[in-house]
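S.K.: Letter by letter, the chains look like this.
Protein chains: 2
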Amino acid sequence: MAGSVTEMENKQVVLTEYVTGFPKESHLAVRNGGKIQLKAPQGSVLVKNLYLSCDPYMRGRMSPPKAGGDPNFASFTPGSPIQGFGVGKVVDSGVAEFKSGDFVWGVTSWEEYSIISNTKTLFKITNTEDVPLSYYTGLLGMPGVTAYFGFHDVCAPKKGEYVFVSAASGAVGQLVGQFAKLAGCYVVGSAGSKQKVELLKSKFGFDEAFNYKEENDLDAALKRYFPEGIDIYFENVGGKMLDAVLSNIRVHGRIAVCGMISQYNLEHHEGVHNLAAMIYKRVRMQGFVSFDYFARYWKIAYVEDVAEGLENGPAALVGLFSGRNVGKQVVAVAHE
Amino acid sequence: MAGSVTEMENKQVVLTEYVTGFPKESHLAVRNGGKIQLKAPQGSVLVKNLYLSCDPYMRGRMSPPKAGGDPNFASFTPGSPIQGFGVGKVVDSGVAEFKSGDFVWGVTSWEEYSIISNTKTLFKITNTEDVPLSYYTGLLGMPGVTAYFGFHDVCAPKKGEYVFVSAASGAVGQLVGQFAKLAGCYVVGSAGSKQKVELLKSKFGFDEAFNYKEENDLDAALKRYFPEGIDIYFENVGGKMLDAVLSNIRVHGRIAVCGMISQYNLEHHEGVHNLAAMIYKRVRMQGFVSFDYFARYWKIAYVEDVAEGLENGPAALVGLFSGRNVGKQVVAVAHE
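First to last, the protein sequences are chains A and B.
Per my numbering, the first sequence starts with residue 1, numbered consecutively.
Per my numbering, the second sequence starts with residue 1001, numbered consecutively.
Keep in mind the hints are simulated off the structure, nothing from the lab.
Careful, some of the hints might be misleading.
To be verified - Derived, one-sided and incomplete: chain B residues facing chain A with beta-carbon distance under 10 Å:
no. : residue
1   : Met1058
2   : Phe1073
3   : Ile1115
4   : Asp1243
5   : Val1251
6   : Ile1255
7   : Gly1259
8   : His1273
9   : Val1283
10  : Phe1288
Every residue, glycine too, gets a C-beta built ideally from N, C-alpha and C.
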């Protein structure tokens, strides 16, 4: 006789409607998703979610669907839980690679329990002792992979080069700055508050940092910090900052396009006017996504901003777009 | 007793003033440059210019000087002859690599006789029999190098890929289209007249071609010619065309930024709005210049537009920016 299957209530965060412009908390709703049987179907894993990651790329998935997109970045479905990276504990497994009790990180849904059928983006956590589990939403998870490969592979840094990082105190930027220092580069970061600028200099070891909101002329600001020009720009924001960088880029400069958070909430993206500089400066500008690089781990100083409880998830995710977070924003759903 | 040195009158085309906006013929003047002694100083070569090349990049050199530029693209000096690529015959040589009677191509000045001191950008022509000398301003000169390395090195084409070339009937575009066909790609070109579009299809073997001036919606035009999207864009024009390409680029698409002729005469360059597509599509956009690739030669069908006489040089050069030329524009100063 088969044992009885436990059923649990399953709180969820769902998208209420597609977003155009700036996302509001009302675009997300916390609801009771009904009961879930704690049993994994064949080929899937049933996970208890512990930490959910708030990442800027999620904004794209809140927009109405577009034709021909990458399934990893497909639009969310209104009325269904949103998806993102998270850390969880396997409750039941229908695949050989995972067993009950394993800790995992990867793409999950914003709810207490998730059935994950796409296990290609799910990774087993082997080190659960030396490192907080939440770090697998950041340093040791997708943002870590993004920063490491984005900087080392896409930017191809050389010792002594001049590196600029925008959104430098965020999940990815804080790591890029440190990787750049480890590579022997001179690193300047921009961020949107005095507190973040201080953090860049005092904790993350950037050579210089500035608050872009206090600069009327970004071109002049960059000329002040980079009198010799910029070799590498790790692009997280887009728009006017990219134009200012193009005015200060050096010959054979490289621009890794990781994100453009200043643009995601605009119905019409700002125009970038200085692209012609790419020609005579032989600039390489390269977009990339972490999904192509899931591989390696690294240890480095790291700041996170933990919101407690799934019900605080909407505010945490929306707060990303006003820069409310300090460091990597993560939502703690449960502590085991 | 040394022989007497011949002196010749030396007609020149000089820049009258720096250009902002669209260049006019009055920005250039044909003048008598006085007498020149046909004797090369030590370390220099004295050349009789035969053909002068009209190239879009020359527009940048007509603008007021900017700090920190590449000397190859430094602003011209008002009152002095403008510079560009050309073909000439060595009259007297003060360097070992060239001797009197050699035909050469490289960077020279717009005048009948030039003293060339920077011989790093001067190349000896060995084949003067099978090929018209003027081809060394195009197919076998700088535009050929630009097209060949821009396409093969920067675009890294694979058989069966979808290639789009703008300004496709120009000096570089006509060659890129043919290299792309040789590489087994599907190639579509855009140009600015019915005659040029016909030439692309009938002479250069493009699979399709369209007149961008007849398209109200460039995005829709590209969707018509590339229902599967674009793998490679050879960028010669910039602005709205680049935006339309970014809306139709495929995952791992490549954009070789060779030129942006639609922007050179605008005081404020148009904004490009769709750069965020680079992220999820993992697009590489790469600026490059031929100076980095001077090396190899190739034979291929080729159309040129020869203006006879230095006095017709200003109209020929200015005509580039209204698309008056059909194929590679060149100025014949003398036929030997």
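S.K.: Decide, hint by hint, whether the structure agrees.
M.R.: Now for the hints, and whether the structure bears them out:
1. Met1058: 13 Å, violated
2. Phe1073: Holds - the Cβ of Phe1073 of chain B comes within 10 Å of chain A, reaching about 5 Å at its closest.
3. Ile1115: 26 Å, violated
4. Asp1243: Cβ of Asp1243 of chain B sits 9 Å from chain A, so the hint holds.
5. Val1251: With Cβ-Cβ at 7 Å, under 10 Å, it holds.
6. Ile1255: 9 Å, holds
7. Gly1259: This hint holds: Gly1259 of chain B lies near chain A, its Cβ roughly 6 Å from the closest one there, short of 10 Å.
8. His1273: 4 Å, holds
9. Val1283: Constraint on Val1283 of chain B satisfied, holds at 5 Å.
10. Phe1288: Nearest chain A Cβ about 6 Å off; hint holds.
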